[in-house]
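S.K.: The task is simple: from the sequences and hints, build the whole structure.
Which chain is which? The protein sequence lines are A and B, in order.
This note's numbering puts the first residue of the first sequence at 6, with every later residue one more than the last.
This note's numbering puts the first residue of the second sequence at 4, with every later residue one more than the last.
Please note that the accuracy of each hint is not assured.
No more than 25 Å apart at the CA atoms, straight line, and that leaves these computed lysine to aspartate or glutamate pairs for DMTMM-like [what the hints assert, rightly or not]:
hint, chain 1, residue 1, chain 2, residue 2
1, A, Lys115, A, Asp442
2, B, Lys250, A, Glu18
3, A, Lys229, B, Asp111
4, A, Lys376, B, Asp111
5, A, Lys222, B, Asp434
6, B, Lys244, A, Asp233
7, A, Lys21, B, Glu243
8, A, Lys222, B, Asp443
9, A, Lys213, B, Asp125
10, A, Lys213, B, Asp362
11, B, Lys351, B, Asp443
12, B, Lys417, B, Asp349
13, A, Lys416, B, Asp236
14, A, Lys229, B, Glu333
15, A, Lys416, B, Glu237
16, A, Lys213, B, Asp332
17, A, Lys229, B, Asp335
18, B, Lys115, A, Asp398
19, A, Lys213, B, Asp111
20, B, Lys422, A, Asp226
21, B, Lys103, A, Asp233
Derived from the structure by calculation, the hints contain no laboratory data.
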Amino acid sequence: MRVFWELGWFFKERKKQYITGVILLLFVAFLGVLPPRIIGFVVDEIGRGTLTPAFLVKWLGILGASALLMYALRYAWRLMIFGSSILLAQNLRERLFTHFTRMSPAFYQKRRVGDLMAHATNDLQAVQQTAGIGVLTLVDSIATGGFVIAAMALTVSWKLTLIVLLPMPLMAYMTNYYGKLLHERFHGAQEAFSSLNDKTQESISGMKVIKTFGQEKQDIDDFKRLSDRVVDENIRVARVDSLFDPTISAIIGVCYFLALGFGTYFVMNGEMTIGDMVAFTTYLGLLVWPMLAFGWLFNIVERGRASYDRIRRLLAEPVDIDDREDAVDVRPQGDIVFSLEQFQFTGDDRAALRDVYFTLRRGETLGIVGKTGSGKSAILRLLLREFDHYDGDITFGGISVNDYKKQQLRKAIGYVPQDHFLFSTTIAGNIAFARPDAAMEEVHEAAKLAHIHQDILNFTEGYSTVVGERGVSLSGGQKQRISIARALMMRPELLILDDSLSAVDAKTEEAILSSLKKTRTGATTIITSHRLSAIQHAHQIIVMHEGTVAEIGTHDQLMKKKGRYYEMYELQQLEALVEQGGEA
Amino acid sequence: MEKPKELTGKDQWLVFKRLLKYLAPHKRMLAVAMFLLVLTVIGDVLGPVLIKTFIDDYLTPGSFPTGPVAGLALGYFFIQVSNVVISYFQLLKFQEAALKIIQQLRIDVFTKVQNLGMRYFDRTPAGSMVSRVTNDTEAIKEMFVSVLIGFVQSIFLIVGVYIAMFFLNVRLALITLLVLPILVWIMYLYRKYSSEFYQDLRERLGQLNAKLSESLQGMGMVQAFGQEARLQDEFNNINEKHWQAGKRNIKLDGLLLHPAIDLVYALALILLLSYFGVTSFTNTVEVGVLYAFVAYINRFFEPVNQVMERLSIFQQAIVSASRVFELLDEDDLAPAQAGAGGEIVDGKIEFRNVSFSYDGKGDVLKNISFTAMPGETVALVGHTGSGKSSIINLLMRFYEFERGDILIDGQSVKEYPAKELRSKMGLVLQDPFLFYGTIDSNIRLHDHSMPDQTVQAAAQFVQADRFINELPKGYQQQVTERGSTFSSGQRQLVAFARTMATDPKILVLDEATANIDTETEVAIQVGLERMRQGRTTIAIAHRLSTIQDAELILVLHHGEIVERGTHQELLAKRGLYHKMYLLQNGIVE
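M.R.: Dropping the structure here:
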């Protein structure tokens, strides 16, 4: 029940709704006591032969009015309590999302998207249930149970009430016991189901092997075996599950039996009337639900607590890269000086970069080459300030990148990543991602620079074509070029192309590079690439190897050196030849 | 994301009818359950009759002759006890039947999946197929267990209650019949609106989750472009709409579910009491009958409430079922074998003018012809997309082809029985897929009759025995999902052993591109060498060094054979092969 305490802040926030809701619930529970009592009155009057039309109309009128009132109240409390519970879900979802937008890439590296999603879906669902059905069940079961028992004891007979209630705890005990049993067996059923799921997954992934060995039939037999287990485990669950209803009706049956037996005795010695007895047995029926509800309540609350804990832990995760207190609030521009002694990724004992020093003058282009894992991307990620724990300093316009406001630094850098991620919106929406209200002409201009304009016009819906899972599927090269256009829309001080021309052919690559060169005079560019043609014309080229600078210079200087760069260059020429089928 | 599907009322009905067909094989079990259900309903209905008799015949007059009263009490007791026992078995039987029905459906879907062609696997994400087999069928199970069974039980109970009411008092029973149309009307209204509102809520939730998932995946971009605030706004906007949809559902539920049913209950009570009251002005009224009617009405509304609250499960299950049936109706089947008979004895392979296209547009193979004589090795080289894998795919009958023909020992591959082809041809895949189980089970696969010696001999033959013997549990060593605890080289060796255990006549090799650890590299080379001895081999080679002794090397480019010959001949040609060779050896001319 601690979770109700922990959610206290929300209940306070929605004080009015919850208090009103609870009062309404109490009122409904109270009104629920009326019908059996009215039945009892009418039965007595009929039995005595003293029923008058006025009496009948009066009590039936009350019954009708209370029914209508209950309808209205029930509707109202649902709106209050359930309405609040979905608001809680909305509120937490919003907070989670905002929190997600603040977390650094390091966070996303250690958490899986599926897991984060689970917080925002299943866990939220469980918390919502606690604040809705949980509250309802708690209040309603206590109130209904209380009122009904009070009505039985006060308006009929407290003696009979005591007698009849004797078997009730047994019901609570039994259902609780079944609940535990069920929980355990349910676990078994879950496991059987998930092994069936794994089996299916595996068979589908390994379909070629199965087909190769002609083992389809055997594999189906294997699946049948597992599905037998699923059935068996579920029957084990059903065996317990099917106990609930009969047990409850057995115990209720005993209660009825007691009520009738002792009731008859009381009627005979004049302690109660037949009408009382009819009312009493009807009350008994009303007691079943509160008894059961208590069992569910524990279940709901248990899940709600675990889920809320998980959500809170996630929300408490600190934002690891944030603006410094006296952060510089201007958009950086100028030379970039990179002087790094050492940097390692968290949890990695090997240095990802060491002794990397270079200066990139404003308006110049830097090319970085090297194998996968040589440290190219790490340099870029430090520039983007995805990490700020390292030995050394990286300055942009004379100020350390860590001293700028994050927003300002990002405004200055147009980043085109390796894994060109596009959002499922229109192409125009993707290009204008950073400036959603930019004029269409500007979007076209950027697309032209990235040499994707013509491709876009060829789509049936042009710039309004939706990309992504539900839209048109683009080739890798098209995605890359759209990513470039997106970065250009920012008119960035520094443009970073992180191996982002790998999927476009050599001719287009050259065209893009030369139009960039033309339009981006005075602006700085960094290009990393596997393909040397992309960086051949850079003012400065760095060859990275195992986290450090192996060679540095212009294309001509490096070619003369006949070192790594030279070798890479020659091999690539050959590779290009092979790809073209051997004819130059 | 699954594409949201619009199902019209008629579609839903068709899907439902098709689902019901799955009940047929379980007729007997269902009949037993139905019979038990009838018994419990009789028990349920009889209880109030007995109490009514007690009230009217003994309690009201105040006389208690021991015999009849004791008889009544015993009768009541007996009915209660037997009812408890019978209803337990009734509930169990229904659930059992539902589970068996779902099992059959699952097996059908899985069998279907096994019979689909690779083409289907190419265009369908594995995850969604798995969902069809397990999650969707699970949703259908939910419907059977918590909706259909409840529905049947409610109908029986309602019928039973009415029979009892008519038996007690025809006119009163007729009056209470008045509430039925109201209930049906409420149910109709609820179904009508909830299918729309609920659908809307689900769609909004889908959007919400899609947005969240996309934002999480693209968070790097969002942050790099400083668009956090805008994304938050967009998300909050969808969140708000989802909330509104949720609120709409709460309102609908509040108007038409429990509160409404309870209102009808009160109406029924009022009708009942008015009837008795008005009658009592002129006639004597049996109080016991009134009691019985009150009891029946209480009993009657319980299941109605339950069924109503679960209608949304029904909706969900129909959507799932329609997806399952869609897969069952898929006609992209694996290529069929003419099955005329025939046996592969020598293993001579001949490609005759084979052309092939996956999508019917661009040809990935153009007029391929070559012959591999028994025991010879033919190597296929070329860069990605040159058509090497397609040649293997056709030879292995993963895809159907129409143009040209592939002959083995002079007979078309299309004409051999599937079993003959599978047992005489061994394929080693580029990515050696290991199944969950043990090393032993991964070598023998599902062949339980294979002697242990064969398994071990096969492992020895490809030199996999060395690393296997070093494992703590040897051949019984656990293999976890996809064999992730083994190195890629070790996995490759196990895959070799798996192929050798069936002793194929023809070997098809798709050499691994991934870097093999140096420890197993030698073992693999030796293994490959040995496997090829005496077998016709078609090998895709990424490393030219492994196929220098091949009798024939085919160099592919854009689906055509551009060069053919032995290693030496091709080098001498100084063409594409020569350049590839230089490239691989890192030689700069």
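S.K.: The structure should be examined with respect to each hint, and the outcome stated for every one.
M.R.: Hint check:
no. : hint                : in the structure
1   : A:Lys115 / A:Asp442 : violated (35 Å)
2   : B:Lys250 / A:Glu18  : holds (18 Å)
3   : A:Lys229 / B:Asp111 : holds (10 Å)
4   : A:Lys376 / B:Asp111 : violated (49 Å)
5   : A:Lys222 / B:Asp434 : holds (23 Å)
6   : B:Lys244 / A:Asp233 : violated (44 Å)
7   : A:Lys21 / B:Glu243  : holds (21 Å)
8   : A:Lys222 / B:Asp443 : holds (20 Å)
9   : A:Lys213 / B:Asp125 : holds (11 Å)
10  : A:Lys213 / B:Asp362 : holds (20 Å)
11  : B:Lys351 / B:Asp443 : violated (32 Å)
12  : B:Lys417 / B:Asp349 : holds (18 Å)
13  : A:Lys416 / B:Asp236 : holds (20 Å)
14  : A:Lys229 / B:Glu333 : holds (21 Å)
15  : A:Lys416 / B:Glu237 : holds (21 Å)
16  : A:Lys213 / B:Asp332 : holds (22 Å)
17  : A:Lys229 / B:Asp335 : holds (23 Å)
18  : B:Lys115 / A:Asp398 : violated (61 Å)
19  : A:Lys213 / B:Asp111 : holds (20 Å)
20  : B:Lys422 / A:Asp226 : holds (17 Å)
21  : B:Lys103 / A:Asp233 : holds (9 Å)
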